[in-house]
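**Q** Listed below, chain by chain, are the residues.
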Amino acid sequence: MAQLSYREAVTEALAQEMRRDENVVFIGEDVAAAGGVFKTTVGLLEEFGPDRVRDTPISEQAILGATMGAAMTGLKPVAEIMFSDFFAVCWDIVANQIAKTRYMTDGQAELPLVIRSGNGGGVRFGAQHSQSVENWAMAVPGLKVVAPAMPADVKGLLAASIRDPDPVLFFEQKALYAAKGEVPDGEHVEPLGTASVLRSGSDVTIVALALMVPRALKAAEELEAQHGISATVVDVRSLVPLDTQTILSEVAKTGRLVTVEENPRLCGWGAEISSIVAEELFWDLDGPIVRVTTPHIPLAAADSLEDAMLPSADKIVASVRELVD
Amino acid sequence: MAAKPKRAAAAKRKPQPQIDAATRLKLYRTMVECRQLEQRAHDLFMQNLIKGTSHLALGQEAVAAGFGVAMREDDYTFCTYRGHNHTYVRGVSMTAILGELMGNSAGLMRGKGGSMHLTSVEHGAMGSYAIIGAHLPIAAGAAWSAQYRGTEQVAVCFFGDGTTNIGAFHEAINFAVVWKLPVVFVCENNLYMEYTSIYDVTAVRNPAADRASAYGLEPILIDGNDVDVVYETAEAALERARSGGGPSLIEAVTYRHGGHSRADPGKYRPDDEVKEWLGRDPVPMYRERLLGLDIDAADLDRIDAETLAMIDEATETARNAPLPDVDIAWIDVWADGGAQWRN
Chain A
1 MAQLSYREAV TEALAQEMRR DENVVFIGED VAAAGGVFKT TVGLLEEFGP
51 DRVRDTPISE QAILGATMGA AMTGLKPVAE IMFSDFFAVC WDIVANQIAK
101 TRYMTDGQAE LPLVIRSGNG GGVRFGAQHS QSVENWAMAV PGLKVVAPAM
151 PADVKGLLAA SIRDPDPVLF FEQKALYAAK GEVPDGEHVE PLGTASVLRS
201 GSDVTIVALA LMVPRALKAA EELEAQHGIS ATVVDVRSLV PLDTQTILSE
251 VAKTGRLVTV EENPRLCGWG AEISSIVAEE LFWDLDGPIV RVTTPHIPLA
301 AADSLEDAML PSADKIVASV RELVD
Chain B
326 MAAKPKRAAA AKRKPQPQID AATRLKLYRT MVECRQLEQR AHDLFMQNLI
376 KGTSHLALGQ EAVAAGFGVA MREDDYTFCT YRGHNHTYVR GVSMTAILGE
426 LMGNSAGLMR GKGGSMHLTS VEHGAMGSYA IIGAHLPIAA GAAWSAQYRG
476 TEQVAVCFFG DGTTNIGAFH EAINFAVVWK LPVVFVCENN LYMEYTSIYD
526 VTAVRNPAAD RASAYGLEPI LIDGNDVDVV YETAEAALER ARSGGGPSLI
576 EAVTYRHGGH SRADPGKYRP DDEVKEWLGR DPVPMYRERL LGLDIDAADL
626 DRIDAETLAM IDEATETARN APLPDVDIAW IDVWADGGAQ WRN
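Residue numbers (this note's numbering), protein chains in the order written: chain A, 1 to 325; chain B, 326 to 668.
Hints may contain errors.
Partner residues aside, some chain B positions facing chain A, computed with beta carbon under 7 Å [claimed, not checked]:
| hint | residue |
| --- | --- |
| 1 | T444 |
| 2 | A459 |
| 3 | F500 |
Derived EDC-like pairs (lysine to aspartate or glutamate); straight-line CA-CA distance at most 20 Å [as the list claims (entries may be wrong)]:
| hint | chain 1 | residue 1 | chain 2 | residue 2 |
| --- | --- | --- | --- | --- |
| 4 | A | K100 | B | D652 |
| 5 | A | K100 | B | E447 |
| 6 | A | K100 | B | D661 |
FYI, nobody ran anything at the bench for these hints, they're computed from the structure.
Even glycine gets a Cβ: it sits at the ideal position worked out from N, Cα and C.
Please take these sequences and the hints and turn them into a complete structure.
**A** Spelled out as structure tokens, the structure:
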């Protein structure tokens, strides 16, 4: 085990898979010579050379179109979309082309590709560089959607995404890039579609994703220490495929569910999980399902305003106390 | 008032002696097959045996045939929703195309794609794309893959004049030039985007050729109704791409005989314009040329008759095929064959 940052885990996973398979290639804006604007790909150009690590123009449609064409013809490309907000300028390639082509061609077309993207708020970048857009992706059949919280999962799930034969949108939370954690040495691959139970409690199950996971863990500690409330924390990790069995079984044990989402409220992933739990676990519930989300508004740039909008540990504590007390 | 397209200099050239008789007959046969296939698709629509929409390329056969004959078997084709012919010339059967149009189990994708999405990966027909512009960067990606793998394959990407005004056109061509990719971009300028003249909505007269210099490419403007010219242009562009010379952008001026799609009678086009272009129909025009080159009329008649027999047989097979099993609507979202999004 080594202590690695979230961003170093990105680099490790890419290097691990590129060493393993010469058909893995990587493109994006400022990713090669500059090592990425978030410094997630430092050293890859030097190790793998300019044929496998290539800088592109600021042309997101070209980046993702080329990624799709390469995947259809034998490569396993990884593309970076610098900020996930930029999916809005290339969503046709993602939602109409990449997501649907295997299905429309009756299974003929292969699309083993990964699109990595910096997602989410907490870094004071304003409304067009701070969105959590994982639920945009989740709404389109044909896309796998992964959003890790821990450096070890970054490495393991990115490696699994690259090996996966389907298109994967891999959301990296920008505010977590500097966060450190234990990461297994050597080859590390975590299966997609598995939620992770990070803490077991008896009163409430908190289900969270990405930046909301450390906040949920902090809230759980405070609930335990100051309010005598024992909380389970589940890191969803992968929205598609979705590990509903782990979520259902953890909610069944506590009888209460609180989801914590960074995305704006309407049609967030927590609504889908709430609906599944309500349909399939209604008689085991001891109270209403509660969703903690960013309100349905764009994010402001100023730190005080952004902090007031994003779910915090304090807000999670307050919501859980209201439910349990 | 719409400016008339500049007639390409190449169009006035005499037939080139380097195209041998066998190739010429192949070009003729391919055009006749394309013509019959599209005409049959039209007829089946009229009989309500084809549902939904369809975008026919009647009148544009010389582009599909010229490239289809020139391409190597392992090259890649990317085309638009007006792609029946481009798919057919790669070797896909008429039965599979008509079956797909009729939405039954004989179809190339058993009805899961439809007229606008014909794809046959085994034939290098890498898809018909129904969102304007999308497939230009995708074709560039296939070319990047060929370049990386060192296979000397070329990706050929066909699109209409309207595509030259969407962002993906410009992103893809710049990208392909910078990476020196083996891709040939072919604009079939049929003078109308959908219902509107391309000249009314475009800043330059030749929508593709006049943009070429912006990307450091040679402007190539050709008569898209002259199959010899298309074939020669295709050969040169394919060779350039295959030998590492990078992409080409070709504008082939042509005309669709009908409207944009099934719903469109094309009444926005002046009668004398339609008349003039029908007089330049690529199929009879080529027949005349071949007769002038001492090719026997009986040989051409035989090609016509064989094609008709082939399309009749394909029609019968396709129309008598059973409907697809509804279970196939539930498969192939994912590579494991399934559609599961949760456990």
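**Q** Provide an ascending list of the numbers of those earlier hints which the structure does not satisfy.
**A** none
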